Amino acid sequence: MSTRTLDPAPPRSPARRHPTPGRPARRRKAARHVDAVDVVKWVAVGIGVIVAIVPFIWMIGTSFRSEADLFGHPANLLPTHWTLHGYEGVWQQLPFLRLLLNTVIFAGVTTLATLFFDSMCAYALARIEFRGRTIAFWLVLVTLMVPFQVTLIPVFIELFHLGWLNSYQGLIIPRATSAFGIFLFRQFFVSIPKELDEAARLDGAGHFRIYSRIILPLAKPAIATVALLNFTALWNDLLWPLVVTSSPTLQTLPAGLALFGGQHVTDHAVLLAGAVISLVPIAVAFFLAQRFFVAGISNTGLK
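Position 41 of the sequence shown, counted from 1, bears residue number 43 in our numbering, the numbering being contiguous throughout.
FYI, nobody ran anything at the bench for these hints, they're computed from the structure. Treat each hint with caution, since some may be false.
[Said to hold, decoys possible] Derived DEER-like restraints, expressed as beta-carbon distance ranges:
no.	residue 1	residue 2	range
1	Thr-153	Ile-107	37 to 47 Å
2	Phe-289	Pro-57	16 to 26 Å
3	Pro-57	Gln-95	17 to 27 Å
4	Pro-250	Phe-119	24 to 34 Å
5	Phe-119	Ala-70	36 to 46 Å
6	Leu-79	Val-47	17 to 27 Å
7	Pro-97	Phe-210	40 to 50 Å
8	Ala-235	Gly-165	19 to 29 Å
9	Ala-27	Thr-234	45 to 55 Å
10	Val-42	Ala-201	28 to 38 Å
From a predicted model like this one, the values you see are computed outputs, not experimental measurements. In this text, a Cβ means the ideal position worked out from N, Cα and C, and glycines have one as well.
Take these sequences, add in the hints, and give me the full structure.
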């Protein structure tokens, strides 16, 4: 047996057995700093949650209150006496089903048209090589800087000459495209490998077949994101339906509620009950598309 194996292990240096006296103090100081930062973050998040959720609680609570209870205790979040007067008034004082149907047609059909036209335009900008493609994309981005209110009067005059005022086509067609949707679809399509296009062309596929059979099935997160954002914006849109329609049979829910408040003695419980009911489809759409919505935001870099 070799004597080398019997040699005891060399003793550890004192520095390794006993850490420097200043290191634990620095660690405790860093831990206290991290804890303080976490506390500040959680306090900020809590304040943000309270600021965001209190108006919703007040709105829902007021929809179950009477006018006397509302004006007697306006700061209360919840009613002292619960009543369904507001929800009964929605059906009795408003053509609620007609308003709801018009809103579904306006928001639903316009969202489908937006998905179709925006995705096709984005496919051309992302996957087809042609002269002026970059300039066209920058022009799309420039239109994002122009507020919709700037083009409101020219579009209204054009619809007047076409005879499309007080009609579904006048309500839907001018909103059937969105520069933001084109931008978001284009950013997603650029991230898809172009080898898929080349393989499809070898099999004899054209651009429309590549777009419909290959690109769109891979773009479900982008489709869900654009659909949810457009549907929410159109569902809550007040200005455009008020400008284009004057007939009660074509008014949407936000326009109907706004005109109801201006034409009659305002019954706040009825107005807020209608607002609560109008939020339900948007909440359902968000919860159904939440997974794809988050993936679409992450994949397109819109964080």
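Next on the checklist: Just to be sure I understand the hint, the distance between the Cβ atoms of Pro-250 and Phe-119 should be within 24 to 34 Å; is that true here?
Outcome noted: holds (30 Å)
Checklist entry - Does the Cβ distance between Ala-235 and Gly-165 fall inside 19 to 29 Å? => result Hint holds: Cβ distance 27 Å, inside 19 to 29 Å.
Checklist entry - So does Thr-153 sit 37 to 47 Å from Ile-107, Cβ to Cβ? => result violated (23 Å)
Checklist entry - When you take the CB atoms of Phe-119 and Ala-70, is the distance between them in 36 to 46 Å? => result violated (51 Å)
Next on the checklist: Please check whether Pro-57 and Gln-95 have a Cβ separation lying inside 17 to 27 Å.
Outcome noted: With Cβ atoms ~24 Å apart, the hint holds.
Checklist entry - Is it true that Leu-79 and Val-47 lie within 17 to 27 Å of each other by Cβ? => result Since the Cβ atoms of Leu-79 and Val-47 sit about 21 Å apart, the hinted range of 17 to 27 Å holds.
Item to check | CB-CB spacing for Pro-57 and Phe-289 relative to the 16 to 26 Å hint | outcome: holds (20 Å)
Next on the checklist: Range first: 45 to 55 Å. Now tell me if the beta carbons of Ala-27 and Thr-234 are that far apart.
Outcome noted: holds (52 Å)
Checklist entry - Measuring from beta carbon to beta carbon, are Val-42 and Ala-201 in 28 to 38 Å? => result violated (52 Å)
Checklist entry - Is 40 to 50 Å a correct range for the gap between the Cβ atoms of Pro-97 and Phe-210? => result Once the Cβ atoms are compared, 42 Å apart, the range 40 to 50 Å for Phe-210 and Pro-97 holds.
Comparing the model with each earlier hint shows violations of hints 1, 5, 10; every other hint is respected.
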